[in-house]
Amino acid sequence: MRRALSKRRRRTTTEAVYEEIQHRYSHFTQREKENITFGFCNASNKLVDISALLRATKAHCIPGLGVCMQLEDLMQNLRLMTGDSVTGESSDEVLAPDEFMNCKKAHEVQEMSKVVACLAKCCRVKQVIDVGSGKGYLCSYLSMRFDLQVFGIDSSSTNTHGAQERNRKLKKFSKAYQKSNKAARKQPLNTEPGGKGEKEERESGEESS
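Numbered as in numbering that gives the first Met the number 0, the sequence shown ends at 208 without a single skipped number.
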């Protein structure tokens, strides 16, 4: 009961304040109204018009500014500016984006890296600064996937240490990953019955016998 009365009292007080501000504003002269910016009086810096403040807030939010666009549209515009699509290293030489990351983080890194790489190519830069880099997920992927020189900055020493440790593991894993891919490429591609790969294996077996 007390909680309900308290909520009702707060709501009544808020409405009373709003009505008082609007009442004072209604008595302003035209000259005084022209001296108001975003609902605040330029002379006293006090809020005198809540409606003007709400209109200004709505007009200056992200949807109101009209700066939002779909990722596909952004990528298409960037590719038109660069003249082609973003290309990085071949897929068999680069770690998959989900290595050492959960699915959500891997998706974020993969999509964001495409945008950053496109912007870097459009601006003709090879160096990127990631402010608030965290554990360096995006930094390492941009470096390995798109051959960009990335500098990560983060205020947390824990994140910085984690990023360094993660990079060490990535480098170690990357070497093993590339070696396994090279070994796989050296294996015969045609292993069907009577194929070249099987024929070579039979010939080598007969020679050894």
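Treat the hints with care, as some may be off.
[Said to hold, decoys possible] Heads up, simulated BS3-like pairs for lysine-lysine below, C-alpha to C-alpha not over 30 Å straight-line:
1. Lys104 - Lys171
2. Lys104 - Lys125
3. Lys45 - Lys125
4. Lys103 - Lys168
5. Lys45 - Lys57
6. Lys113 - Lys45
7. Lys103 - Lys125
8. Lys45 - Lys104
9. Lys113 - Lys168
10. Lys170 - Lys125
11. Lys103 - Lys113
12. Lys168 - Lys125
13. Lys125 - Lys171
14. Lys57 - Lys125
15. Lys170 - Lys113
16. Lys125 - Lys113
17. Lys45 - Lys103
[As the list claims (entries may be wrong)] Just the calculated beta-carbon pair ranges, DEER-fashion:
18. Ser154 - Gly82: 20 to 26 Å
19. Leu118 - His59: 37 to 43 Å
20. Lys168 - Gly82: 34 to 40 Å
21. Asn41 - Glu14: 25 to 31 Å
22. Val130 - Leu70: 34 to 40 Å
23. Leu46 - Ile152: 18 to 24 Å
24. Gln148 - Glu107: 28 to 34 Å
No wet-lab data here; the hints were simulated from the structure.
Yeah, the Cβ is synthetic: ideal placement off N, Cα and C, and Gly gets one too.
- Hint check, failures only: The structure conflicts with hints 3, 6, 8, 14, 17, 18, 19, 22, 23 and 24, although it agrees with all the remaining ones.
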